[in-house]
Amino acid sequence: MGINWLKYSAPQAFYPLAGKLIPWFSIVAALAIAVGLYIGLLVAPTDFQQGESYRIIFVHVPAAWMSMFLYVVMALWAGFGMGLNARLSFMMAQAIAPTGAMFTFLALLTGAMWGKPTWGAWWVWDARLTSELILLFQYAGVMLLRTSIDDLRRADRASGVFALVGVVNVPIIYFSVKWWNTLHQGASVSMTGGSKMAATMLTAMLLMTFGFWMYSMAVILSRSRCVILEREQLLSWNKSASTPEPVEVR
Amino acid sequence: MTSRQKRFGFIGLGLVVLGVATALILNAFQSNLVFFFTPTQVSSGEVPKGRSFRIGGMVEDRSLTREGDGLTVHFVVTDTAKRVPVTYKGILPDLFKEGKGVVAQGQLVADGTFVASEVLAKHDENYLPPEAAEAMAKAKAAGAQAQSSSTLVVQP
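Line by line, the protein sequences are chains S and C.
Going by this note's numbering, the first sequence wraps up at 461, each residue one higher than the last.
Going by this note's numbering, the second sequence wraps up at 316, each residue one higher than the last.
Treat the hints with caution; some may be incorrect.
[Stated by the list, open to error] Stretch-level coverage of chain S by chain C, calculated; a stretch enters the list once three of its residues show a Cβ under 8 Å from a Cβ in chain C:
#1 216 to 229
#2 303 to 317
#3 323 to 331
#4 367 to 381
#5 386 to 396
#6 430 to 437
If you're looking for bench data, these hints aren't it; they were derived computationally from the structure.
Just so it is clear, CB atoms sit at the ideal spot from N, CA and C, and this is done for glycine as well.
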């Protein structure tokens with residue numbers, strides 16, 4: 212354990228580290244998603260009741276999982292930011308929000324595309340769908356709150372509190388199909404109950420989830436670099452990195 | 161206690177209070193958050209009278225009949241304890257099948273029939289290749305026959 216990990220809580224040390232990690236995460240993400248899609252769309256068997264339309268699960272479920280997972284991670288960073296007064300923590304929270312919102316939207320969109328052929332409706336107001344829609348609004352709220360307050364420290368705190376409060380919705384989304392009668396079916400894969408899917412289907416779904424996760428890492432790291440440059444542009448350490456050479460104006 | 165520990169303490173306490181408040185609210189709203197009522201709730205009169213609601217359960221085996229116009233269908237929704245006859249005029253979703261889940265929106269009329277204005281198919285969380293599903297159904301049927309012919313086998 213010769214590495215001083217705390218060193219990377221300083222934006223000027225984190226910035227080059229993130230830069231080095233991004234290509235690796237990108238490569239792994241591309242590989243996992245490519246193999247996952249191949250197995251999911253071409254190798255996995257047809258479903259006994261839904262036919263081919265079930266294959267949207269390979270995008271839908273990983274996207275929905277990531278939407279909830281990223282929200283918890285974002286709230287964690289916001290909590291760390293408030294507890295430790297660490298500016299990089301808030302920057303990470305800020306960097307996560309758009310990707311989380313994108314996955315939430317993707318989950319809702321693929322859900323609608325799946326709901327029409329199987330249930331017979333694009334959208335129903337059941338507990339699962341409604342709570343996931345609320346999650347999208349929460350991501351929007353976190354982002355809006357940050358941009359609507361000019362003072363960065365206050366913006367961080369306000370959106371951080373909002374993010375933390377919203378965490379209660381994540382278990383509601385997850386357990387909604389258990390707690391209430393919903394049109395949405397129960398969990399096919401759970402920590403305790405094992406899997407109710409054929410093994411090839413499960414492999415494809417887990418590969419896609421891993422791919423989406425690695426994609427999130429790559430995108431969030433590169434967005435965090437932008438956030439660092441933007442926020443620390445007045446500090447001397449990144450003067451050379453961010454600002455272009457002064458051009459002589461005549 | 162350092163100020164850092166204090167801050168984390170506040171955040172933790174806030175989350176706990178929030179969690180308890182949410183649990184209480186959800187508990188209070190429990191009955192209003194259901195997407196559909198079960199046939200048992202219908203027969204015990206727990207459903208709203210004179211206005212539209214949803215009913216959910218299984219389509220009873222061999223209960224589906226079609227009228228001459230080809231659009232009006234009759235079937236029975238059951239939760240294996242109680243049964244509710246349903247009438248619907250319209251196109252059924254592809255996954256609508258006897259022995260499978262269904263959610264119908266509509267109103268209860270005087271003779272106890274549920275007149276549906278919308279029928280949605282509710283599928284379960286099992287994903288299997290057709291051959292495996294067939295093999296499992298066969299094994300289950302064989303097992304049920306061996307056990308007792310009068311036992312009702314409820315699909316999970």
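Status of each hint after checking the structure:
Given as covered by chain C, the region 216 to 229 of chain S fails the check, having 0 residues with a CB less than 8 Å from a CB of that chain where 3 are the minimum. Against chain C, the region 303 to 317 of chain S contributes 0 residues with a C-beta closer than 8 Å to a partner C-beta. That does not satisfy the three-residue criterion, and the hint is violated. Under the rule that three or more residues need a Cβ within less than 8 Å of chain C, the assignment of the region 323 to 331 of chain S holds, with 4 such residues. Counting residues of the region 367 to 381 of chain S whose beta carbon lies closer than 8 Å to any beta carbon of chain C gives 4, which reaches the threshold of three, so the coverage claim holds.
With 6 residues having a beta carbon nearer than 8 Å to a beta carbon of chain C, the region 386 to 396 of chain S meets the requirement of three or more and the stated coverage holds. Evaluation of the coverage hint for the region 430 to 437 of chain S: breached, as 0 residues show C-beta separations to chain C shorter than 8 Å, against a requirement of three.
When held up to the earlier numbered hints, the structure conflicts with 1, 2, 6 and fits the remainder.
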